[in-house]
Amino acid sequence: EPEVTQTPSHQVTQMGQEVILRCVPISNHLYFYWYRQILGQKVEFLVSFYNNEISEKSEIFDDQFSVERPDGSNFTLKIRSTKLEDSAMYFCASMAGGPVTEAFFGQGTRLTVV
Amino acid sequence: KQEVTQIPAALSVPEGENLVLNCSFTDSAIYNLQWFRQDPGKGLTSLLLIQSSQREQTSGRLNASLDKSSGRSTLYIAASQPGDSATYLCAVRGLVGNQFYFGTGTSLTVIP
Chain A
3 EPEVTQTPSH QVTQMGQEVI LRCVPISNHL YFYWYRQILG QKVEFLVSFY
53 NNEISEKSEI FDDQFSVERP DGSNFTLKIR STKLEDSAMY FCASMAGGPV
103 TEAFFGQGTR LTVV
Chain B
458 KQEVTQIPAA LSVPEGENLV LNCSFTDSAI YNLQWFRQDP GKGLTSLLLI
508 QSSQREQTSG RLNASLDKSS GRSTLYIAAS QPGDSATYLC AVRGLVGNQF
558 YFGTGTSLTV IP
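In order, the protein sequences belong to chains A and B.
Counting from 1, position 101 in the first sequence corresponds to residue 103 in the numbering used here; the numbering is continuous, with no gaps.
Counting from 1, position 99 in the second sequence corresponds to residue 556 in the numbering used here; the numbering is continuous, with no gaps.
Hints are not guaranteed to be accurate.
[Unchecked claim] Pairs of lysine-lysine residues, derived as DSS-like cross-links and limited to a Cα-Cα distance of at most 30 Å, are as follows:
no.: 1; chain 1: B; residue 1: K525; chain 2: B; residue 2: K458
no.: 2; chain 1: A; residue 1: K59; chain 2: B; residue 2: K525
no.: 3; chain 1: A; residue 1: K59; chain 2: B; residue 2: K499
no.: 4; chain 1: A; residue 1: K44; chain 2: B; residue 2: K525
no.: 5; chain 1: B; residue 1: K458; chain 2: A; residue 2: K59
no.: 6; chain 1: B; residue 1: K458; chain 2: B; residue 2: K499
no.: 7; chain 1: A; residue 1: K85; chain 2: B; residue 2: K499
no.: 8; chain 1: B; residue 1: K458; chain 2: A; residue 2: K44
Don't read these hints as lab results, they were simulated from the structure.
Starting from the given sequences, assemble the full structure and let the hints guide the process.
Spelled out as structure tokens, the structure:
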């Protein structure tokens, strides 16, 4: 069964460092998302991406964050200068079509900023 | 802004029991609602997607219902098994914007 793949599964980084989280969405899916879940809290929306551009972003997604689809398969989330409060599980999701279609999530990347 | 609430926060049942998890949302202008399962430290596994025009969806021992006008959904699990132990999340997709709003989840423990 097709699945969304995220790497790495766990990343530890020092405060102020840049990190790139990688995702391979399901082939032929058109809509891509990043969400995050701080330990013990709700899953929160960060950004949606369609047709090679950001379609929506939350207030969490400030100038420290960026997304890219550098090739036909990968979808990345970059955090330029990590803060302690960026420590969370980051989930990538993809959908085949518009909002009526099912969303599939990856297994997540646990980011720990020390 | 859409608020999604799940009750109870935690539930412990003996194996074999049927159980109901509840999800409520404040804004009924939604495309759909999706139920997910999350194992500790793991990702989100899609269980059921129910469109705003549907009343229920079934998959195996799972049945999800949706009452959009009252802002409620339930997930019914029949004949629970220890392998069902996980956190169950509901998420609604609003008509405005392109994001899911998640609840805080119900942590289910099925005791053998």
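Taking the earlier hints as the rules, which of them does this structure contradict? none
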